[in-house]
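Colleague: Residue-level listing of the chains:
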Amino acid sequence: DSGVTQTPKHLITATGQRVTLRCSPRSGDLSVYWYQQSLDQGLQFLIQYYNGEERAKGNILERFSAQQFPDLHSELNLSSLELGDSALYFCASSPGGSRPQHFGDGTRLSIL
Amino acid sequence: AQKVTQAQTEISVVEKEDVTLDCVYETRDTTYYLFWYKQPPSGELVFLIRRNSFDEQNEISGRYSWNFQKSTSSFNFTITASQVVDSAVYFCALIPTGTASKLTFGTGTRLQVTL
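Note that the protein sequences, when read in sequence, are chains P and Z. All the letters of the first sequence, read from the start, carry residue numbers 3 to 114 under our numbering. All the letters of the second sequence, read from the start, carry residue numbers 632 to 746 under our numbering.
None of these hints come from the bench; they were simulated from the model. The structure presented is a predicted model; accordingly, all values stated were derived computationally and were not measured. Ideal Cβ positions, reconstructed from N, Cα and C, are used throughout, including at glycine. Just to be clear, a hint being listed does not mean it is correct.
[Claimed, not checked] With a Cα cut of at most 30 Å, we get these calculated BS3-like pairs of lysine-lysine: (1) 59(P) / 669(Z); (2) 669(Z) / 701(Z); (3) 634(Z) / 669(Z); (4) 11(P) / 59(P); (5) 634(Z) / 701(Z); (6) 701(Z) / 11(P); (7) 634(Z) / 59(P); (8) 59(P) / 647(Z); (9) 669(Z) / 647(Z).
[Stated by the list, open to error] If we take Cβ atoms under 7 Å as the criterion, some of the chain Z residues that face chain P in the derived model are: (10) 674; (11) 710; (12) 726.
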């Protein structure tokens, strides 16, 4: 058990819809990261928050947004969903910097 | 920009065989960290090891060992006496030292260990 909690584990929805993925980091970790894992793109970094502030952005689509709340949990919002958004979305947390990131079990998103 | 290459897409071995997973990286940064993660069939990503670019000592943890060679930009992972439970996809990853701490992952190597 990594200590990072992601909900829901599975999500099935239709094109054009909007979903919210939730992540609770390990106790004491200030940094939260979101990654997308798909067959064609592999594991791709989306965005990082540190203590409530956006710290780094990767290949995140404009239709996607995220935030980190004062209690340090984070949400990833995906809107106007397309078939190609089907993937496994991971949240990771760390104290920050180059320290190991510990991953949640992921949310598997299926777009029908 | 960083790049991590895992040329071996899939490896199959018989239990008790030794197996080495290759990882080659590219970075312009002089200081960086390298990682290995394991993704078993259940899907979670499990942290295995972190190594900084200053430390080229090999590391051993039980049946696992890692060989870091800065001269060849490689960070290879060896499993000794493999077991069926080692079956998973293994990812090598890199973070440059600095404020941006995003992991750049390789494409992974799927290891299948059979009886």
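Colleague: Next, verify each hint and record whether it holds.
Modeller: Consistency of the hints with the structure:
For the hint linking residue 59(P) to residue 669(Z), the alpha-carbon distance of about 24 Å falls within 30 Å, and the restraint holds. For the suggested pair residue 669(Z) and residue 701(Z), the alpha carbons sit about 23 Å apart, so the restraint of at most 30 Å is met. Annotation: proposed proximity of residue 634(Z) to residue 669(Z) holds, straight-line Cα distance about 19 Å (limit 30 Å). For the hint linking residue 11(P) to residue 59(P), the alpha-carbon distance of about 24 Å falls within 30 Å, and the restraint holds.
Taken as a hint, the residue 634(Z) and residue 701(Z) pair is honoured in the structure, with Cα atoms around 15 Å apart against an allowance of 30 Å. Under the criterion of a C-alpha separation no larger than 30 Å, the hint pairing residue 701(Z) with residue 11(P) is inconsistent with the structure, at around 39 Å. The hinted pair formed by residue 634(Z) and residue 59(P) meets the criterion: a straight-line CA distance of about 17 Å does not exceed 30 Å. At roughly 43 Å between alpha-carbon atoms, residue 59(P) and residue 647(Z) are farther apart than 30 Å, so this suggested pair is violated.
For the hint linking residue 669(Z) to residue 647(Z), the alpha-carbon distance of about 19 Å falls within 30 Å, and the restraint holds. Against a cut-off of 7 Å between C-beta atoms, the interface hint on residue 674(Z) holds, since the closest Cβ of chain P lies about 6 Å away. Hint status for residue 710(Z): violated, given a least beta-carbon distance of 20 Å to chain P, over 7 Å. The interface hint given for residue 726(Z) holds, since its Cβ lies 5 Å from the closest Cβ of chain P, which is under the 7 Å cut-off.
The structure does not agree with the numbered hints 6, 8, 11 stated previously, though it agrees with the rest.
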